[in-house]
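Peer 1: For this one, chain A is given, so just place chains B and C on it according to the hints.
In order, the protein sequences belong to chains A, B and C.
Residue numbering for the first sequence follows our numbering, beginning at 3 and increasing consecutively.
Residue numbering for the second sequence follows our numbering, beginning at 17 and increasing consecutively.
Residue numbering for the third sequence follows our numbering, beginning at 3 and increasing consecutively.
Because the hints were derived from the structure by calculation, they are not lab data.
Glycine is no exception: its CB is placed at the ideal position from the N, C-alpha and C atoms.
Here chain C is said to cover these stretches of chain A; the calculated rule only asks that three of the stretch's residues, wherever they fall, bring their Cβ under 8 Å from a Cβ of chain C:
| # | region |
| --- | --- |
| 1 | 72-80 |
| 2 | 118-131 |
| 3 | 139-148 |
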Amino acid sequence: MTVIRAALDEMFAVIGQMVGSVFRHGLPLTDKIAARTALTNFFLHIHPVRVRRSWIRMSYTLCLGGLSFFLFIVLTVTGLFLMFYYVPSTSHAYQDMRDLQFVVTFGGVIRNMHRWAAHAMVITVWLHMARVFLTGSYKKPREFNWGVGTLLLLITLLLSFTGYLLPWDQLSIWAVTVGTNMAKYAPIAGPYTRYLLIGGRVVGDNALLRFYVLHVVGLPLAAFLLMVVHFWRVRKDGFSGGL
Amino acid sequence: MEDSREMSRRSFLAITGWVGFSVASAIALYQSLKFIYPNATYEDPPAFKADAPTVYAVGSTTVLIDKRVVINHDPNGFYAISLICTHLGCTPRYFDDVTSDLVNAGTSISKDPDTGQQATKANAALPGFKCPCHGSRYFRDAINFFGPAPRPMDRVHLEVAPDGKLLIDRSVIVDRAFRLKV
Amino acid sequence: MATEARDRIAARDRVEQRRRPAEVPSTVRDDSEDEMVVSFPEFVFKEFIAAVAMTAFLILVSVWLQAPLLGQANPGMTPNPSKAPWYFLGLQELLSRFPPLMAGVAFPTFVIVLMILVPFLDRNPSRRPSERKVAIILFALYTAIVVALVIIGTFFRGHEFVWDWGWVLGNPQTCGGSPC
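So here's chain A without its partners, still in its complex pose (with noise of 0.2 Å):
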């Protein structure tokens, strides 16, 4: 018995000595664990430790870069989802859509989610500019980091561009044949840029193929990088605050 006995208190100290090296500090029950938890840990450490009550009340952020952020996280791993299925060629893609509508089990929720989250995110990120001017965040010292935004709001408008190609159906090619026409009449380079904006005269596999490897590599690893970027220079240049 107090063979057993001994065997389960050594267990429980070892589980416990796991949970520990996990969780350094236990519940965050007083400011002091608190603050000691936000310090020593990694993804708390995107905030400063302590903050005063005026940066983040709600009233005054709406929570719309957080949210904005967030809308990029659920649209990664959404669109994670869609790439076990979607192949970018102009035989595949349209059957891979109708394939993720009606055969896959819950294909049509995740799809959806990607797209109505990615309409939903260029309305935040819009919105989150609107409040950075109207409450005047972007005067010194945060001139740099408003230009640092207006370029995610860039990407966050060519990443939903670039997806809007790729279910291949008859929305996508004209929004994109129209889209793509007007770097045509960019003076000298326009006719080249488009070539190689679509790899082609008409928007098709090779098109297609691009706006792929742009939608779900290049941009947003650009637009993951300037985030950081965006993220460090608030804590850097100091929140905005109340007015």
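Peer 2: The following block gives chains B and C in isolation, referenced to the frame of chain A:
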């Protein structure tokens, strides 16, 4: 003296270094652009064969929608139109009447320079093309007369192939006077 | 030019000298009186609630609202009308009214550059809305134009992109006369 000579050697090395770095970057940029610029595309080839010329009656307009080409047969001969809107690249559609709603609304429409036809109150309906994207309109001979299209649709080369069929090459743009006589 | 360490140190010292009477920019609010709280769990909890609410909203919308999927892409058949995604409809509206070089290239470039330069063009140091009437009115005007163009493009542009008061209700998009 010695100090200034040392300085110049330093700055010489620095300038050489920066020049080398810039040249290498420029080459890398050139290489990247060249790499993503396709040398060969496996698109539908620009030249294709239509039917024999006798199939197309004088005064007819035939839309080959798969190829986005229109074959017109005038009293003067044949000519082919690339059916791509010159505004932003949508595919216009053929209609027997593209003018009467404008005429009835009081918009004045220029004379079709090729056929010499003019849409008037008495004779309001002229055939032509309408683009669904931004509403550009063209006469039957591809001359634009309404909407944002900046110029007429391109006319492309056509000839009679050895087997007697019409051979149309969409990559060769010809001027408006071009006619194929058979 | 001169890359000597002592030159750089001297230059740094000069900059330091000039910066010495450092004043806090007037745009920074004096918030030293505000209560300090730990960001975890206080702030993290707020974000968590916002994220959960957004997830619930997205799932509900995704279950009830199908994302559009028309017929397979066909280069020979342009749907009537053909529209860009809603956030580009303002641009499409401009494209149908102005030359493409202006509406499609010059105008967007101008807006993007202007936006990045906003902090440098706005010389007013105040952040109080009552003291920034011009900036706020300009921004409201810009927003109103964008929103109006998007609404026009979405609801009032019918076949051939012609103005139509009842397009969305009465005349759905067609592909050569039949549904897409």
